Amino acid sequence: MSRTAPGPAGAAGIDLGQFHQIFFEEAGENLERMEQLLLALDVAAADDEDLNAIFRCAHSIKGGAATFGFDDVAELTHELETLLDRLRRHELAPAPPMVDVMLASGDALAAQLARHQAGGQGARVDTAALIAELRALAGGHAPAAAAARAAPAASASVVTATSPPVTPAADAPHSVVRQLELIVGPLAQPARADAIAELFAEIEGLGTIEPIDGGQAADGMRRFKVLTTSSDAELIDLFSFHVSREEVRLLPFGPGYGFHPDAPGAPPLQPEPAGFGFFDDAPGAPPALPSPAVERTTDPAPPAGSLAAPARTERIAPAAEAATLRVSVDKVDQLINLVGELVITQAVLAQTSRGLDHALQQQLGAGLADLERNTRDLQEAVMSIRMIPMSGVFNRFPRMLRDLAGKLGKKVELVTHGEATELDKGLIEKITDPLTHLVRNACDHGIELPAERVARGKPEHGTITLVASHQGGSVVIEVRDDGRGLNRAKLLAKARERGLDAPDSLSDAEVWALIFAPGFSTAEVVTDVSGRGVGMDVVKRNIAALNGTVEIDSAEGHGMTVRVRLPLTLAIMDGMSVGVGDECYIVPLASVVESFQVGPGLIRTVGGSARVVEVRDEFMPVLALDALFGVPRTGAPAGQPIMVVVEADGGRVALLVDELIGQQQVVVKNLEANYRRVDDVSGATILGDGRVALILDIASLVRRSRH
Amino acid sequence: MHSILAVDDSASMRQMVAFTLKNAGFDVVEAVDGQDALEKAGTRDFSLVLTDQNMPRMDGLSLTRRLRESPRYRNVPILVLTTESSDEMKQAGRAAGATGWMVKPFDPARLIEVIGKVIR
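Quick mapping for you: the protein sequence lines, in order, are chains U and W. Using my numbering, you'd call the opening residue of the first sequence number 1 and step up by one each time. Using my numbering, you'd call the opening residue of the second sequence number 1001 and step up by one each time.
Treat the hints as calculated values from the structure; they're not laboratory data. Remember, predicted model here, so these are calculated numbers, not experimental data.
So these bits of chain W aren't anywhere near chain U, every CB distance computed over 10 Å:
#1 S1003
#2 V1028
#3 G1042
#4 T1043
#5 R1044
Quick list of the computed label-pair ranges, beta carbon to beta carbon:
#6 U:E202 / W:E1088: 37 to 45 Å
#7 W:E1088 / U:D262: 17 to 25 Å
#8 U:R33 / W:I1119: 31 to 39 Å
Where a beta carbon is used, it is the ideal one built from N, C-alpha and C, also for glycine.
Next comes chain U alone, as it looks inside the complex:
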């Protein structure tokens, strides 16, 4: 069969690798959606639309995986799809073990995809047991067939999502001879394709291979017809001796397409054998039509459209992506950066105009005011591109809690509110771990065992509630549980045991805050779920690193609420600008506790060189910024020095500065990316007058003061 493309232009070997990234993203989304749907599936009364939607997720992954050459992914999704197809056709009734195996398959697919995304390094994910189970489940209505395979349905009923029993792989695919088309290339050295064919032919019992392109390749791809009983994966393993996996594709043999006779637009049928013929490619011969490609059916084709049933009104799927555009984060960041520059230029212009004489300033004024407003709007609009909904984080918890509660023998229900609340992408990535920790804690330490809950007159099911909302310029995320809550007396005792200062006079809020102390754990039993010791202090430190705060509310016996407050974005920060000599530094406002003028005699020197200041009976280390950063001094500071008390990681330090300049929003510029890492500095910003100001890294300064 001739394989040259008669299209307007020859389709030279197109590098499918360019579509891989988008396939990985899309497959990831499909897996996530499949998991959500599976978790929400009411096994007793499964909704048809939900089953269809789950099917579509698997189906879509399979189609892409087969097209882009990820044969292991295609193989597993094929089994998944088979089971789902039977479910949506009501040939099988959904059962909890199916959900478990499908969830485990989702995990395996994620691992397979991650491996391909990383370039296919490392061992292939072993899915033999899963495939056998999926087949056994899909064969549920044909017990004979299921029993003949290795895993009888009975064993499938006891599987759990985390540890599917190992069952021998079904041998079905090896008993059937398959006709495949092998496509190799595009190859720099076409001879390597022949090396593959030779290798294949040398191995006894593998099957037959023959070129179907006459050893020629118009489009740089070589094609072979292969008859074999081996699986795609085995063949590709073999071929990888000579060519990379990405250069090999296996497709079912045959034209893979066809036309309905007399359908609108179908090419004319090849006439019935009529005692004459043309030699292909002979001068004057009409173009040959591939006969196997034409579907010949005996029933009369109904006129198109006449059978058309009244169009079904399909349920509108949420969020069709028609109106969305995928762009790389780099492009968005570049845009944000440029807008940041624009904001600075605008500020410089505004400042410069103030130095002009009144008449000129008047003329410029209206234009500058417009520029300022537009710049601000533009900045907000651009920032909003990076904003993604919290649902991405929240969606991982149902599965986690399901596994966790099962492990702990607890019954937990998850309720989420405000999933649509948007937060900067960078923040979402960084808040995921701390939130995961909080949710785990709530389930492990908060929620009681069902029996204990019933004894206390509570419902058997514990409830963990996640709430995200916008409050002013911040996002507030709450993790609430209706478990046992914190015990004031126990916390105080524990704190004293650890040598912490914990008088009975502490307010409730102060007592709850004790659990943020390093190494503090109130769990009576250490479990493998929340771990030992490391806990809330790490959570607090991670949140503080995002310029966020965390607080606790609790009522013993009724549960606990952890409230995390985060800025909307990491790219803009509220800062306090302080002057030291001729320099200006920015202190993150979130870490400022107070500031005051230093009266004479307040600063004392201890241990030779260390200086401390006394603030309301408390001694605090003093850090003089001029000494720390080597700021040159031309004369003595004009007025009395000022202390700015800042807090981070549970420690406080007093910064000695010359003056407080003011509070302002600053656009944070990464110093590492533009210069290099500098101790005690987290970034830089450009001030309205065009000067660069360094942003202080308070956590680092606090650590410094401890040594």
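Given the structure of chain U, go ahead and fit chain W onto it with the hints provided.
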């Protein structure tokens, strides 16, 4: 230049198909599902509609039926992409008024070859 309406809910497949077709000199408009395709089909003429079968909102066969109801698309070739080449599927396609079918996965050269048979 021939215009082709390429319909698939999978962004990666859609990009691959569109890239291949554009590379071969066709003008391509993409649609994310049958509903979207139906709306886009109403705005201009296409020489060919290439549609996936399984999609949210409106599947490929429903789209085919709806297009055939319109005089504008009565004779335009419509190819349905499916992952299975089952007879059941082929017959359903035929009943809906599709011109032909094509099995996924396919490689870009095959796609151009098939399209060359119906667009001249």
